[in-house]
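Trainee: Top to bottom, those sequences are chains C and P.
Heads up: the first sequence at position 114 corresponds to 114 in the working numbering, and the numbers run straight through without jumps.
Heads up: the second sequence at position 116 corresponds to 416 in the working numbering, and the numbers run straight through without jumps.
Calculated directly from the structure, the hints in this document are not laboratory data.
Given the structure is predicted, the values throughout are model-derived calculations rather than measurements.
Be careful, since some hints might not be right.
[To be verified] So the derived list for chain P, only partly shown, Cβ under 10 Å to chain C, looks like this:
hint, residue
1, A394
2, M402
3, Q405
[Stated by the list, open to error] One side of the interface only, derived from the structure: several residues of chain C facing chain P at Cβ under 10 Å:
hint, residue
4, L184
5, V193
6, N208
We treat Cβ as the ideally placed atom computed from N, Cα and C, and that holds for glycine.
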Amino acid sequence: MTEAAPAVFIAPATSKSAALVLLRAIVKHRLAAIGLVIIVLLCLMAVFAPLLAPYSPYDQDLYRVLAGPSAEHWFGTDNLGRDLLSRTIYGARVSLFVGIGSTALSAALGIVIGLFAGFKGGVVDAIIMRITDAFLCFPPLIFILAMSAALGPGLHNVMLSFALFGWTGFARIIRGQVLLIRELPFIEAARSVGVPPLRVMRKHILPNTLAPIIVAITITVGSAILVEGGVSFLGLGVQPPTASWGRELGVGFRYLETVPLFSIAPGLMISLAVIAFNFLGDGLRDALDPRLKGMGLRRI
Amino acid sequence: MSLETRATPPLLSVRDLTVDFHTEAGMITAVDGISFDLHEGEILALVGESGCGKSATALALLGLIANPPGRVTGSSVSFRGRDLLTASESEIRAIRGNRIAMIFQEPMTSLNPVHTIGRQVGEPLRLHKGLSDDSLLEKCVALLESVNVPEPRRRLGDYPHQFSGGMRQRVMIAMGMGCVPDIIIADEPTTALDVTIQAQLLELLRSQVERHRTALILITHNLGIVARYADRVNVMYAGRIVESAGADELYARPRHPYTLGLLRSVPRLDRPAAEKLSPIEGQPPDALDMPSGCSFHPRCPFAIDKCRAEAPPLRQVSDTGAAACWVDVNG
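Start from the sequences and build out the full structure, keeping to the hints where you can.
Mentor: Below is the structure:
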């Protein structure tokens, strides 16, 4: 038992870094690999938008408004004569920025609060958990819409509203993990060496809670992109003339019969991005799960 | 060996240490007013069945009993003139891993899976000695080398799952010895390992403590280990020390019926093979419902009426031995 037991979970001895092990697992998982490829392509598209887009997303050509697809304008033009392909490409910037930014904010907030709750326990824990319960009673979109409306339109406010709601999920996951891990022998061992409590929390407990958080993060990016789409669709997100998929969808919706691609193209992009992040999240969960079961909790 | 050191004041002196746990079912007294001394370089064994309070004693010494539900009380736990019971959290933290180190019983789970071996071996040194970078690395290499981990330099970068159970326990020993503590508490250090490795590790532990004159509190239920390694033995039953004696004396002439029972229940090479082993009948008492008088009396073949009525104090029965029994079976 002493020699053989851990062999099952061991990553190949040659691979030193956890990231590499993870990457290998993703590549093996076909859907996750597809998701990862799509995400990478979308990110490249956002970064290199000025090089990829045939026109500036802001240049209006009022002689050619609401034109159908043509050789010059592959997706056609919008109600102000702007090139829809270029606006769709630039839209990736906003969507990914909001998606990743609001997830990062939520995760940062949720991790700190969840760690604190799990580590402190008792009354502190009970209060924080009841607050998360209260938040989770709201339908997310309604809450975020209300918050965005209260804070005023704009990208940063959408992100802030999302984070104000989104931390609860992360806090609950982390708190559960902390409760599990803080009872394990290696935490007692760390304390017996004289490691101060905050350091135990940061260096010994936190890294062991990250596997489910990584999964939650990827899936949350997907839903944040969706929420940005919804909020911008309703006019509370980015303001004109900035191109965002949600906003394009909202404006283009009115011209669905004349220029269908006006709303369909950004709509498809939103779906694609959300599906890609969900694929990746699913794959990561499958990749990380066997290590969480059993005595697992090994490095990812 | 333990007798020669008697002249000097003890390194650790525990008086009336009590550990209670307040649970929903009621209060459990895991350790019930125990007292003992530990001298420099001495190997003291704490022996007893599961749940007799051995591990709780160890954790209490290091201030690692969580409160609530636990509560540690007592007259004093004096370590080098300092009372650990009244010491502040930061004072105790400066002692943990530095002056008093602990080796846990589960090498498989006592190392953090997300950190490299090097980081973990180096942790006490970084915390207490302020070592870093090259000096820390060299010290870690030397430590792993001293516990016979092959290729120490390379293995410092490995993670715990790349080590076998025996190797991990070597790492734990290296971690414990890092700051050259005055006391090492080894809580069942070899229980999870197979027999051949047990012997290797105990030899290693002994050579380490002998080299540095470190006192060792060896917590175990294995009387074979005790006979071979301990200078002095405290036998614990239901949270109390029922007999305390030099190891040789204890084996030659046990004075408490529980000790006698323990010795009769393990096979010995110096007895005829045909002699039957006799287990101690019955179960350890329910911590929530302790028997009256001596807590061992329901299982004791020698019990007299007085045992049921009154708990016997630990009293001197020889020059170096003490037992808590009204009967004194080998007296």
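Trainee: Of the hints stated earlier, which fail here?
Mentor: No hint contradicted; all consistent.
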